[in-house]
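A.B. asks: Sequences listed follow chains A and B, in order. First residue of the first sequence: 1, per this note's numbering; consecutive thereafter. First residue of the second sequence: 218, per this note's numbering; consecutive thereafter.
Quick caveat, the hints were computed from the structure, so don't treat them as lab data. Here the structure is a predicted model, which means the values were calculated and not measured. Ideal placement from N, C-alpha and C gives every residue a C-beta, glycine not left out. Be careful, since some hints might not be right.
[As the list claims (entries may be wrong)] Derived CB-CB ranges, DEER-like:
no., chain 1, residue 1, chain 2, residue 2, range
1, B, Thr904, A, Asn121, 43 to 49 Å
2, A, Glu28, B, Pro283, 38 to 44 Å
3, B, Glu281, A, Arg35, 52 to 58 Å
4, A, Glu203, B, Asn945, 53 to 59 Å
5, B, Glu281, A, Glu203, 49 to 55 Å
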Amino acid sequence: MKFGVIRFPGTCDDVDAQLAAQRVGDAELLWHRDRDLKGVDAVIVPGGFSYGDYLRAGAIARFAPVMEEVIEFAHAGGLVLGICNGFQILCEAGLLPGALLINDHLKFVFRQVNLEVVDPNTPFTRECPPTLSIPVKHTTGRYYTPTPVQVVLRYAPGNNPNGSQDDIAGVVNNAGNVFGLMPHPEHAVDLLTGSEDGLRIFESIRTAVGERVKVTV
Amino acid sequence: MSAGAQGGRATYRELGLTDSEYDLIVEGLGREPNAVELAMLSLMWSEHCAYKHSKKLLRRLPTEGPHVLVGPGENAGAVDVGNGIAIAFKVESHNHPSAVEPFQGAATGVGGILRDIFAIGARPIAVLDSLRFGEPADSQRSRYLLEHAVAGIGHYGNSIGVPTVGGEIYFESSYEQNCLINAMAVGMAPHSRLTSAAAAGPGNVLILFGALTGRDGIGGASVLASAELGEGDDAKRPTVQIGDPFAEKKLMECSLELLDRELLASLQDLGAAGLTSSASEMASKGEVGLDVDITKIPLREADMEPFEIMVSESQERMLCVVEPDKVAAVLAVCEHWDILATAIGSVTEQPLFRILNGDEVIGELPVPLLVDDCPLYDLEPAAPTAPLYAGGDQRIATDAAPADTLLALLASANISSRRPIFEQYDPVVQSRTVRRPEQADAAVLALPVLDVDSGAAGAPVPAIAISIDGNGRRVAVDPRAGAAEAVYECAANLACVGATPLGLTNCLNFGNPEKPHVAWQLSQAIDGLAQACRDLEVPVVGGNVSLYNESPDGPILPTPVVGMVGTLPDARHAAFLGFANEGHKIALVGGFNPSRDGSELAKLHGRAPAGALPEKDVAEIRTTHQQVRDGVNSGAFLSAHDIAEGGIAVALAECVISCGLGARIELPDGLDLFGEDFGTAFIVSGTAEDLAGLEIIGEVGGDALEIGGVLDLPISGLTEAHASGLANLLR
Numbered sequence: 001m002k003f004g005v006i007r008f009p010g011t012c013d014d015v016d017a018q019l020a021a022q023r024v025g026d027a028e029l030l031w032h033r034d035r036d037l038k039g040v041d042a043v044i045v046p047g048g049f050s051y052g053d054y055l056r057a058g059a060i061a062r063f064a065p066v067m068e069e070v071i072e073f074a075h076a077g078g079l080v081l082g083i084c085n086g087f088q089i090l091c092e093a094g095l096l097p098g099a100l101l102i103n104d105h106l107k108f109v110f111r112q113v114n115l116e117v118v119d120p121n122t123p124f125t126r127e128c129p130p131t132l133s134i135p136v137k138h139t140t141g142r143y144y145t146p147t148p149v150q151v152v153l154r155y156a157p158g159n160n161p162n163g164s165q166d167d168i169a170g171v172v173n174n175a176g177n178v179f180g181l182m183p184h185p186e187h188a189v190d191l192l193t194g195s196e197d198g199l200r201i202f203e204s205i206r207t208a209v210g211e212r213v214k215v216t217v
Numbered sequence: 218m219s220a221g222a223q224g225g226r227a228t229y230r231e232l233g234l235t236d237s238e239y240d241l242i243v244e245g246l247g248r249e250p251n252a253v254e255l256a257m258l259s260l261m262w263s264e265h266c267a268y269k270h271s272k273k274l275l276r277r278l279p280t281e282g283p284h285v286l287v288g289p290g291e292n293a294g295a296v297d298v299g300n301g302i303a304i305a306f307k308v309e310s311h312n313h314p315s316a317v318e319p320f321q322g323a324a325t326g327v328g329g330i331l332r333d334i335f336a337i338g339a340r341p342i343a344v345l346d347s348l349r350f351g352e353p354a355d356s357q358r359s360r361y362l363l364e365h366a367v368a369g370i371g372h373y374g375n376s377i378g379v380p381t382v383g384g385e386i387y388f389e390s391s392y393e394q395n396c397l398i399n400a401m402a403v404g405m406a407p408h409s410r411l412t413s414a415a416a417a418g419p420g421n422v423l424i425l426f427g428a429l430t431g432r433d434g435i436g437g438a439s440v441l442a443s444a445e446l447g448e449g450d451d452a453k454r455p456t457v458q459i460g461d462p463f464a465e466k467k468l469m470e471c472s473l474e475l476l477d478r479e480l481l482a483s484l485q486d487l488g489a490a491g492l493t494s495s496a497s498e499m500a501s502k503g504e505v506g507l508d509v510d511i512t513k514i515p516l517r518e519a520d521m522e523p524f525e526i527m528v529s530e531s532q533e534r535m536l537c538v539v540e541p542d543k544v545a546a547v548l549a550v551c552e553h554w555d556i557l558a559t560a561i562g563s564v565t566e567q568p569l570f571r572i573l574n575g576d577e578v579i580g581e582l583p584v585p586l587l588v589d590d591c592p593l594y595d596l597e598p599a600a601p602t603a604p605l606y607a608g609g610d611q612r613i614a615t616d617a618a619p620a621d622t623l624l625a626l627l628a629s630a631n632i633s634s635r636r637p638i639f640e641q642y643d644p645v646v647q648s649r650t651v652r653r654p655e656q657a658d659a660a661v662l663a664l665p666v667l668d669v670d671s672g673a674a675g676a677p678v679p680a681i682a683i684s685i686d687g688n689g690r691r692v693a694v695d696p697r698a699g700a701a702e703a704v705y706e707c708a709a710n711l712a713c714v715g716a717t718p719l720g721l722t723n724c725l726n727f728g729n730p731e732k733p734h735v736a737w738q739l740s741q742a743i744d745g746l747a748q749a750c751r752d753l754e755v756p757v758v759g760g761n762v763s764l765y766n767e768s769p770d771g772p773i774l775p776t777p778v779v780g781m782v783g784t785l786p787d788a789r790h791a792a793f794l795g796f797a798n799e800g801h802k803i804a805l806v807g808g809f810n811p812s813r814d815g816s817e818l819a820k821l822h823g824r825a826p827a828g829a830l831p832e833k834d835v836a837e838i839r840t841t842h843q844q845v846r847d848g849v850n851s852g853a854f855l856s857a858h859d860i861a862e863g864g865i866a867v868a869l870a871e872c873v874i875s876c877g878l879g880a881r882i883e884l885p886d887g888l889d890l891f892g893e894d895f896g897t898a899f900i901v902s903g904t905a906e907d908l909a910g911l912e913i914i915g916e917v918g919g920d921a922l923e924i925g926g927v928l929d930l931p932i933s934g935l936t937e938a939h940a941s942g943l944a945n946l947l948r
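Kindly produce the complete structure, drawing on both the sequences and the hints.
C.D. replies: Shown next as structure tokens:
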């Protein structure tokens, strides 16, 4: 299978996501100006500071030409994974409910956190054990939603790094094919760099893609 | 020639030049400089750009070694790590801007050092920082500077996608007014991409790319960086530059792509003194001249004066020299990255830097006059006859029980956990970070890309290790021995992860060198650095000098900061600082010769930094470091931690806190628990077989740190003290 990793100006974790995805399949970078997903089987909107996070995190990236394709791909049922800034962008784009607010302590935080897999039946978590150790790193990661959502990951008790509502760390859309999370699974794919729990998310996607009818837009 | 307002004697003093320097300029030029020329010369002849009080001393440092690819003089030094890979690195200060405006000062300090790295063709892969502030417990100002400087460093490094993998921070009252912000960056490049800043090829085109040129940072190098801080410095806030990490991220990717495509003849970043410094140094290195037309330079404000354009320190700008037939390709790459690029001039034969305003020549300066002819001064060092630094408040009784003393040290601002600070930095982006802050004594970064075939499960992973160190308190006790200790300590940190040093960079932060006792500190410290570099065969590949770090309260502690890079054969063996397993033996390795002068405990007792530092046996240090490296790389030592601030008791407590396993220790009779000696001795652990023949001092196990007959403290109590110290001060 092939992953596509979006690269906006200011994206920082694009190569990291590509390297992580390449452990389970092929992966190529997709440029923000190109209205072309190049036939990939799943899209990753990676972390970083797209367009400098100016105005509001993710607010400018959602208007990038490539995002028109991502939105169409998602509506057609394609698997889309948004990590950190990618989660913020997917919320801004209306593909996921809710919003990410500035952390309750108002500072950037890097921390290795424990996560509980609340829903192991999504295309993104079916290979996951009940708990995961994955790092977070963000200033704007406090998830908030005024309406009920499908929670996939929660911070384990005492591990919430940002004050998010109900300890929410990751959610899927109603259709279950768009997943956003603040922790960085691409930074937990090798024991040498701390943990390989994040790899389970990429493996889940590979498994899910193998069972699905290819989505083309 | 016409040039707006005349320069002349009324203004040169305000710009920081002395009467005799101005006379030299007039003599060299054969006339009085005009306003544009004077602005340019005053910056190029500033301490910050010309190193006029330190250059002669710096020649004492050894700069050559078998691994050196680029030595001092380029934007950054570089060493060979094998397989055609070069590692570039440099540390630089941004002290005075940060004392005036901590967030932007610290942020642009990171931005500036990163540009130095990619200007020589290396992709930045790590940032470290070395910070000094006043006592946070006593001073709202120090807490303010700390909070905003740390936020600024994080803002820039996190946003640009370069991991901050290490650093150090100390608090002393002498830094109250004059904080120190030293940032070190490390980059990686194939040898073939290493690039010089030397302009070449008359007829080639000079292209400025990146941000617009504005009025920020006018005179930063001369007015702010080359004078003592004092009253009214708030008025200097406009001389501090404003950083935009998003712009630099694009600039970095664009610059590296231009080099990968071999489109550039040379590349240089714009830093202190802006276009003036960058262009004249390019011309000087290439022994050519340059014409620059200021009407071509894209401006943020339309009505800027010519001199402002030439000395603006607007951030996120680069200058390159391009052969005429490659200009179109260069502009296309810049457009891809949304980077503004403009041809602003050309390379000429004659070594003249000419400033044009359209067709009119408004400045014409010989390149050597700008770059080489600033007089270099001999210092007049004299050892102080009275103590320079007073003791502080006494924070613990001299007859306190050892357990209480250890807890007080662990909770002290200088020793307590740095987590509240490093949690504000991203240490993992770029997927190379094998050891993060507080996991080991040095940061460890894998050199190859980690994938399914390498990493934990695969083949050996060659890596680099990086450490940054300095201890002004000990340098104040003895500038020569204290500076040498910083080198030994850095090398010891590398040894703990199995790394052999390849090179170092230094940042020399001192007071006003025109004062004899500061000159003495500087001269002695450089001698100490030079000696230690020779002792360990580690060449200096670059660095920075920051002088005039004084306030009305006096000079800062003399603070040479050393950043060191080494290599290790397999990152999988890099030792953690915490013990690995219950039942493992704990050994003391090395000749440990502790004393209390200049120690953290002496500070808590309210004593001034005075007395003498321990004598060093250099041969033994070399043997010990090799023994630790060998033990780590063979897998015999599963943990390694060098003994430094707070002595052996603090080192043992740090091992326990880091892993959550207790230890039962019996120390040799008479060994001082809290005396300090730097870079000489290590706590290692492993199985009894692997540690056979070493001086075993205890065993891993239990839920407390027991030091026989002296103290018995539960891990929870140690952890609480260590975790709360700085955290409480910052709350």
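A.B. asks: Confirm or reject each hint.
C.D. replies: Going down the list of hints, with the structure as the test:
{"no.": "1", "hint": "B/Thr904 / A/Asn121: 43 to 49 Å", "verdict": "45 Å, holds"}
{"no.": "2", "hint": "A/Glu28 / B/Pro283: 38 to 44 Å", "verdict": "41 Å, holds"}
{"no.": "3", "hint": "B/Glu281 / A/Arg35: 52 to 58 Å", "verdict": "55 Å, holds"}
{"no.": "4", "hint": "A/Glu203 / B/Asn945: 53 to 59 Å", "verdict": "43 Å, violated"}
{"no.": "5", "hint": "B/Glu281 / A/Glu203: 49 to 55 Å", "verdict": "51 Å, holds"}
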